[in-house]
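**Student:** Now for the letters of each chain:
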Amino acid sequence: MGVVCLNFKFFSVFAKHARTSLTENSMGKNTLTKADNPAKTQDEIIAGLADKWRDKKGSLIMALHDVQSHYGYVPRDVARKLAHQLDVPLARIYEVITFYNYFKLTPPGKHRISVCLGTACYLKGAPELIEEIESLLGIKEGQTTSDGMFQLDVVRCLGCCGLAPVMTVNEEDGDKVYAKLSRKQVAEIIAKYSKPGAIEKK
Amino acid sequence: MSKQTIFLLRDTSLTQDNTRDFQILFLKIARDLGVEDSIQAVRASDLGIYDKGYVVKDLNNKITYANIQETDIEKFLKATIKGEGSVDEFKYTADKCQLRIVLRNCGLIDPENIEEYMAQQGYCALAKALTEMTPETVIDEMKKSGLRGRGGAGFPTWMKWSFARNSLDETRFVVCNADEGDPGAYMDRSILEGDPHAVVEGMILAGFAIGAQRGFFYIRAEYPLAIKRIETAIEQAYERGLLGNDILGSGFNFDLEIRLGAGAFVCGEETALIESIEGKRGTPRPRPPFPADKGLWNHPTIINNVETLATVAQIINRGGEWLAAIGTEKSKGTKVFAITGKVKNSGLVEIPMGMTLGEVVFGIAGGVLGGRKLMAVQTGGPSGGVIPLKLIDTKVSYEHLAEVGSIMGSGGLIVMDEDDCMVDIPRFYLRFCVEESCGKCAPCRIGGFQMLKILDRIAEGKGVEADLQQLQRIAKGMQKASLCALGQTAPNPVLSTMKYFPEEYRQHVEDKKCRAGKCTKMVQYTIDQTHCKKCKLCVVNCPVGAISGSREAGYVVDQVKCIKCGTCYEVCKFKAIVRK
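Keeping their order, the protein sequence lines are chains A and B.
Take the first sequence: its position 194, counting from 1, is numbered 177 in the numbering used here, and each next residue is one higher.
Quick note, the numbering used here runs 44 ahead of the 1-based positions in the second sequence.
Just so you know, not all the hints are guaranteed correct.
To be verified - Mimicking DSS-like on lysine-lysine, the simulated pairs with C-alpha atoms at most 27 angstroms apart in a straight line are:
(1) K123(A) / K506(B)
(2) K338(B) / K39(A)
(3) K167(A) / K624(B)
(4) K163(A) / K608(B)
(5) K167(A) / K605(B)
(6) K324(B) / K40(A)
(7) K619(B) / K163(A)
(8) K605(B) / K123(A)
(9) K167(A) / K577(B)
(10) K123(A) / K565(B)
(11) K578(B) / K167(A)
(12) K520(B) / K434(B)
(13) K497(B) / K123(A)
(14) K35(A) / K324(B)
(15) K565(B) / K167(A)
(16) K484(B) / K40(A)
(17) K40(A) / K338(B)
(18) K167(A) / K580(B)
(19) K388(B) / K167(A)
(20) K324(B) / K64(A)
(21) K484(B) / K87(A)
(22) K417(B) / K163(A)
(23) K163(A) / K580(B)
(24) K159(A) / K388(B)
(25) K324(B) / K39(A)
Claimed, not checked - Using C-beta positions, here's what the derived DEER-type ranges look like:
(26) D463(B) / D34(A): 55 to 61 angstroms
(27) C579(B) / G121(A): 31 to 37 angstroms
(28) K39(A) / D65(B): 58 to 64 angstroms
(29) K39(A) / T181(B): 31 to 37 angstroms
It is worth saying that the hints were derived from the structure and are not from the lab.
Heads up, the beta-carbon is just placed ideally off N, CA and C, and yes, glycines get one too.
If we strip away everything but chain A, and leave its shape as in the complex, we get (with noise of 0.2 angstroms):
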């Protein structure tokens, strides 16, 4: 028995999460493919967008998704367009937007901590991790600090609570999960990812 979940939760979370999204094909299914190609114009993209999902009752959310998937949130004249496309009212859309946690308003930071809040985290002294990283880096949960270069978020249950308090940050090709973690590790991962004197203790 352990030997099996242990492994599953290990596959799951260093599974590489390239940035992906769905794709409709001829048989009906959803296949998982790289996005789409960058070089294509923003208006192309959001009228292939458008196609695919048009036809399909309730797809909203899964056109949503393929946007955040793309530029990393959802920028306002790209829901403008697809709101357009799809003959959808932009309010709508953004009713969608604002209550699922998952959608994004503003650019991501280039390092997505996500700092781990289910419950065997929160026992295991998450809540210190996330002062820590605060203070660290002088901002609130759900902020990115004014370079750009990280986003605190402080996430639902990641599913390895076996290895709490655990945070993940983002890597090019895939997350990097860090388990088990202090205090003291927090900051000496930070400073891995920052530049030499970016940050200072506040």
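Please build the complex by placing chain B on the supplied structure of chain A, with the hints as guidance.
**Tutor:** Using the frame of chain A, we list chain B on its own:
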């Protein structure tokens, strides 16, 4: 080459791990006996068995042997491989242990290969249902099994199905609820990642039983691997003609699609989930009409949890009576729990209903971390209650857990020790519910917020006697008047801690003290000069430089600078730091 016998080896001693030495010896003796080609000896990292000496698991024959001494290996190998003599004395029978029904394939098969699932009787149930059974007999079999929804509320699955089946509306949907938002729980993710085809098969069977044409997987976007595995599984099922038109030549058509969640806990509630699949904000609808009557786009819809659906195929394969024989009178089958918190072996376990919480925590999970005293266990996440040590013999079942003021929930089981504060824990859960409240109905939106404000006040040492009664009053209002289960159950952690740990609340309110030191506003750290050995460990480790002084004059904590992180308390080897 003849078929190899695969042995998993593991030293289950709690103090040391000599598995590697044992494996080397095992292989050496196998070589001496000339049987090395017919065996494979693999080291396992954890077999879920503890303190039973060297354990060897024969994977081919699914037999576990325990307490094997080094001197027994020769006899053991002769008996198992050459068939000389008997090894019955080593056979391991667990007194009461896990029973893997839902997780049976997890870790054993390649989840991205449909053939490996098929080799484990995969899709046999679907073939049986389509060729030998009618939708009515499938529902009948479910009724016999007594399977209840594993998402938490425990509604009989067959009943939900027959409501939809008997509906006059011909357009029907099946939804798999894989929006596992409960903090501290990851059962559904492990099933989706470890055995995706079992869930897909369960969906198709459910579709056949209720006469649906389409099904949706609603999966959290935070589970990228689970999404990928389900996509692969669906694709493979289409290729094999197990999905699509005229499945297995039976004339039954069924299509499956994936919809992603977007990080809203309330979407685990079935009517909110429906709204979300329709592409709207996830706000619950008033019930009735229930989804089985008017769900997705106002058509009959059944929504089942991942774990429920993963059990369905085996019920059809083995018959309803088989599952009904496991468990208690009203709760049948097994339940997967994610044990986390202050426990030695955290992880997933699947246990038959009716096992006691104590057997799970002290037996399977190996007890509390660091030999500390258990304070309480919590089941059901933000919707559940706290169960104190004195009720640790409570059986795991829908009815027994409800009796003690908690719920089965989706399967989070959090262990808490003496260092956890019973005012702080419900505050954590309540804050979660307040943040996740969709805001549609007032009892949940306002009630939760006000309860949290009161708890914050108590934790800051500003609580008054009347606050406790006020908490109870608001809780009652929320339970009765909230629109959905989120609001109705949000006060549970507060009510259960108030019920079982009233002295702790009294301490916070009257004495302005927090026993565990978690409510930092009430805590003060000072240095007891008689115990202090002037080692400066606290001075070095203090993150804010609040401790100053000299060897001669002694060290003191600057109460203004101190952020009450407790680092000094933890690092001091002489118990010279006093927490008050």
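**Student:** Under the constraints set out in the numbered hints, which ones does this structure not fulfil?
**Tutor:** Hints that this structure does not satisfy do not exist here, as all of them hold.
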